[in-house]
Amino acid sequence: GAVVSQHPSRVICKSGTSVKIECRSLDFQATTMFWYRQFPKQSLMLMATSNEGSKATYEQGVEKDKFLINHASLTLSTLTVTSAHPEDSSFYICSAGTDMNTEAFFGQGTRLTVV
Amino acid sequence: GDSVTQMEGPVTLSEEAFLTINCTYTATGYPSLFWYVQYPGEGLQLLLKATKADDKGSNKGFEATYRKETTSFHLEKGSVQVSDSAVYFCALYTGNQFYFGTGTSLTVIP
Chain A
1 GAVVSQHPSR VICKSGTSVK IECRSLDFQA TTMFWYRQFP KQSLMLMATS NEGSKATYEQ
61 GVEKDKFLIN HASLTLSTLT VTSAHPEDSS FYICSAGTDM NTEAFFGQGT RLTVV
Chain B
1 GDSVTQMEGP VTLSEEAFLT INCTYTATGY PSLFWYVQYP GEGLQLLLKA TKADDKGSNK
61 GFEATYRKET TSFHLEKGSV QVSDSAVYFC ALYTGNQFYF GTGTSLTVIP
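Those sequence lines, one after another, are chains A and B.
The numbering of the first sequence is the numbering used here, which starts it at 1 and goes up by one.
The numbering of the second sequence is the numbering used here, which starts it at 1 and goes up by one.
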C-alpha cells in the first residue's frame, strides 16, 4: 500500500513554544489530508480536513488558531501546535487520501509531550 | 449521519480461542470498510479492508466480510495468539473522511 511518513515520531517541548508536525505522502498524491488526535485509551478524534491549496476545515471545538494546518502541496501537510500547553500533550495522527476516494493511509503518529 | 458502532471491550481470551469483534455501520453512500490494529505506543496499522458489498478482507488469519444487508463488518479469527493483543478499530471511509469505532482492546493470555 501507499506510504505516509509522519515526523517527528516523538517530541517534547516547553510550554509556550510551537511545534510543527509533518505528514508526507511518499509515493502518491494526497488530495486530502486528515489530522486526528488520540487521547489515551480512546478512539481517534478528527481535528481537521485539508485539501491541497485551500484552507483546512476544522471540526467543531478545534481551535484553528491553536492548531495551524497547511497543505501546501499534494505530498505535504503540516500541523503546527502554537503556544503549546501541557493539555495539548497527546498522540497526533495524520492520514492522506487519494483521488480514488476508496482509502486513506495513516502516518505512524506523533507523541507530543508539553512540559 | 455516518457512524460506526463497535463492540465494547476489553476482551480477554486464551491463546487459540476464537475471536469475534462486532462492528456495524451507518452510511448514506457506499463506503469502504476497514479494520485497523494499534499496538501500545504506535500508530494505526491497516489489518484488512473491503471496498464493496460481499467483499471479504483477510490478513494474518483475520477475516471480515462487508455485509450490506446487515450493515456489518465483524472481525473474526479462528485461533488467536498472544501477539494479537492490541486495540482494534473498525472504520468506514466515505471518501471525505473516516469514521472510527471506539476501539476494542484485546488481551490474549497464554
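None of these hints come from the bench; they were simulated from the model.
Just to be clear, a hint being listed does not mean it is correct.
[Said to hold, decoys possible] Computed from the model, here is a short list of chain A residues facing chain B with C-beta under 7 Å:
no.: 1; residue: PRO86
no.: 2; residue: ASP88
no.: 3; residue: SER90
no.: 4; residue: ILE93
no.: 5; residue: PHE106
no.: 6; residue: GLN108
[Claimed, not checked] A few chain B residues that don't get close to chain A, going by computed Cβ distances all over 12 Å:
no.: 7; residue: VAL11
no.: 8; residue: THR51
no.: 9; residue: GLU76
no.: 10; residue: VAL82
no.: 11; residue: SER85
The beta carbon of each residue, even a glycine, is placed where N, CA and C say it ideally should be.
A quick look at each hint next to the structure:
1. PRO86: Where the cut-off is 7 Å and the nearest Cβ of chain B is about 19 Å from A/PRO86, the hint is violated.
2. ASP88: Violated. Min distance 18 Å.
3. SER90: 13 Å, violated
4. ILE93: 6 Å, holds
5. PHE106: The hint holds - A/PHE106 has a Cβ within 7 Å of chain B, the shortest such distance being about 5 Å.
6. GLN108: Nearest chain B Cβ about 4 Å off; hint holds.
7. VAL11: 14 Å, holds
8. THR51: 5 Å, violated
9. GLU76: 21 Å, holds
10. VAL82: 20 Å, holds
11. SER85: 14 Å, holds
Going down the numbered hints, you'll see the structure goes against 1, 2, 3, 8, while the others check out.
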